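Based on the sequences and whatever the hints tell you, model everything.
Quick note: the sequence shown uses UniProt numbering, first residue 1, plus one each step.
To be clear, the hints were calculated from the coordinates, so they are not data collected in a lab. Computed from a prediction, not measured in an experiment: that's the story for all the values here. Certain hints may be false.
What the hints assert, rightly or not - Dumping the calculated SDA-like pairs for lysine to any residue here, alpha-carbon to alpha-carbon at most 20 Å:
no.	residue 1	residue 2
1	Lys131	Glu88
2	Lys132	Arg14
3	Lys131	Arg93
Claimed, not checked - Ranges between beta-carbon positions, derived for each pair:
no.	residue 1	residue 2	range
4	Arg273	Gly196	31 to 39 Å
5	Gly211	Ile332	19 to 27 Å
6	Pro281	Val210	20 to 28 Å
7	Pro136	Arg74	21 to 29 Å
8	His86	Ser206	36 to 44 Å
9	Trp218	Pro250	46 to 54 Å
10	Pro281	Phe240	28 to 36 Å
11	Ala236	Gln294	16 to 24 Å
12	Ala9	Asp48	56 to 64 Å
13	Val266	Val210	36 to 44 Å
14	Leu133	Ala236	35 to 43 Å
15	Ala32	Val261	27 to 35 Å
16	His86	Gln294	42 to 50 Å
We put the CB at the ideal spot given by N, CA and C, even for glycine.
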Amino acid sequence: MFQRPLNAATLVARWVAFAVVIGLISGVLSAAFIGALNWATTTRTTHDGLLYLLPLAGLIVGIAYHYGGRGLERGSNLVIEQIRGHSEWIPFRLTPLIFGASVISHVAGASVGREGAAIQLAAGATDPLSKKLGLPPLERSIMLITAIAGAFGSVFGVPIAGTIFALEVQRVGRMRYQALIPACVASFVGDAVVRGIGVDHTHFPSMTSVGIDIPSTWRLLLFGCLAGLVAWAFIALTHFIRRTAGRLIPWYPARPFIGGVMLLIVIAACGWRDYSGLSMPLALEAMSGSAARQWGTKFALTSLSIGMGFVGGEFIPLFVIGALAGASFASITGANIALFALIGSVAVLAGATNTPVACTVLGLELFGGEGFVWFAIVCVVAFATSGKGSIYSAHVVRKNT
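Below is the structure:
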């Protein structure tokens, strides 16, 4: 009579224990990674000459992946592939590889992010554990989803969005709810570890209560469509650069080297140093009401950086691109610049990652609950208009179900 509830309780307790361990690992790795990237950013901004190391940095990253991590250049796509396909184990060496390569990319000035790298850090530390324990495919998938949640929630400081992102990113329209509890536990534990260590997350302005009327509604719908088009264009351009580089430059290490040369020339000639690295200050400027920065510049530098083989991820750069695009749109249409910078930051992400629910919740956690309707509408519209592509090529989209 009591056997079934007892078995269920035992199973839940087992997964909670796994999730706590993964959350602790993810939190420690994220804290170390955030600290390293903060150091890289400070070092780069105080030593302008480091920009001239971009070609060398690209060569080092390329050689590291070519000789020490063949196949690992797929990055977050590798993690998503293994959630569904289980074709290969993710080796532990991915963790130090992505950590070092991301720091090198940032210190030299490539326009890359950190969330994608954090996911790979956690997956590289978690999948060998699944292999050691001899977990079956379904449980291995749950472990990887849990690792994604722990990484995302801890590195961005958004445990609820981290949970939903992990469930949503591998297949839109069909979440693995059996992973809900461990993903949630790992995300909150990881976030608590980062905060407990004393690592500060970026502080964003809160969104004030804004009513929706007819003029604001058409602006919101129009901007959602434009955000989806920006996401589509970013995906198309980045994939085009990656495919073209692969066809024209057979030796992999030469791709980020040549990419570094191109970035150096463009950034130095045009004075675009502020658009290097994460560029989070640009987003904060826009969220404070400034429309002086150009989203297209960050867009182009990020596509070139990622497409040519620098690593770190696209998430934060897309967040910045969205904020700047929102500010520009508001400036042109006479809307509230700060407001559209806030909603733009999550709208472009929703279109580029195909995770509208997670990005809506991300907006709520970062900017407050007053903007729920705004975030929900713009994320859904951006998702619907961005096409079936994604920055994660392994992502399965089910938009017609």
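### Query
Could one say that the CB atoms of Val266 and Val210 fall in the range 36 to 44 Å?
38 Å, holds
### Task
For the range 56 to 64 Å, tell me whether the beta carbons of Ala9 and Asp48 fit it or not.
Because 59 Å falls inside the window, the suggested range holds.
### Message
Does the beta carbon distance between Leu133 and Ala236 stay inside 35 to 43 Å, or does it fall outside?
### Response
The hinted range 35 to 43 Å holds for Leu133 and Ala236, with Cβ atoms some 41 Å apart.
### Query
Quick one, are Lys132 and Arg14 close enough, alpha carbons at most 20 Å?
16 Å, holds
### Task
Determine whether the Cβ-Cβ distance between His86 and Gln294 falls within the hinted range of 42 to 50 Å.
Given a distance of about 44 Å, which is inside 42 to 50 Å, the answer is holds.
### Message
Looking only at beta-carbon atoms, does the pair Pro281, Phe240 fall within the given range of 28 to 36 Å?
### Response
29 Å, holds
#### Entry: Verdict for His86, Ser206 (Cβ pair) under range 36 to 44 Å
43 Å, holds
### Query
Taking the CB of Pro281 and the CB of Val210, does the distance hold inside 20 to 28 Å?
25 Å, holds
#### Entry: 20 Å limit on alpha-carbon distance, applied to hinted pair Lys131 and Arg93
14 Å, holds
#### Entry: Pro136 paired with Arg74, Cβ distance criterion 21 to 29 Å
24 Å, holds
### Task
Check the following: the C-beta atoms of Trp218 and Pro250 are separated by a distance inside 46 to 54 Å.
This hint holds: roughly 50 Å between Cβ atoms.
### Query
Taking 19 to 27 Å as the hint, is the beta-carbon distance of Gly211 and Ile332 inside that range?
22 Å, holds
Every hint, counting from the list given before, is met by this structure.
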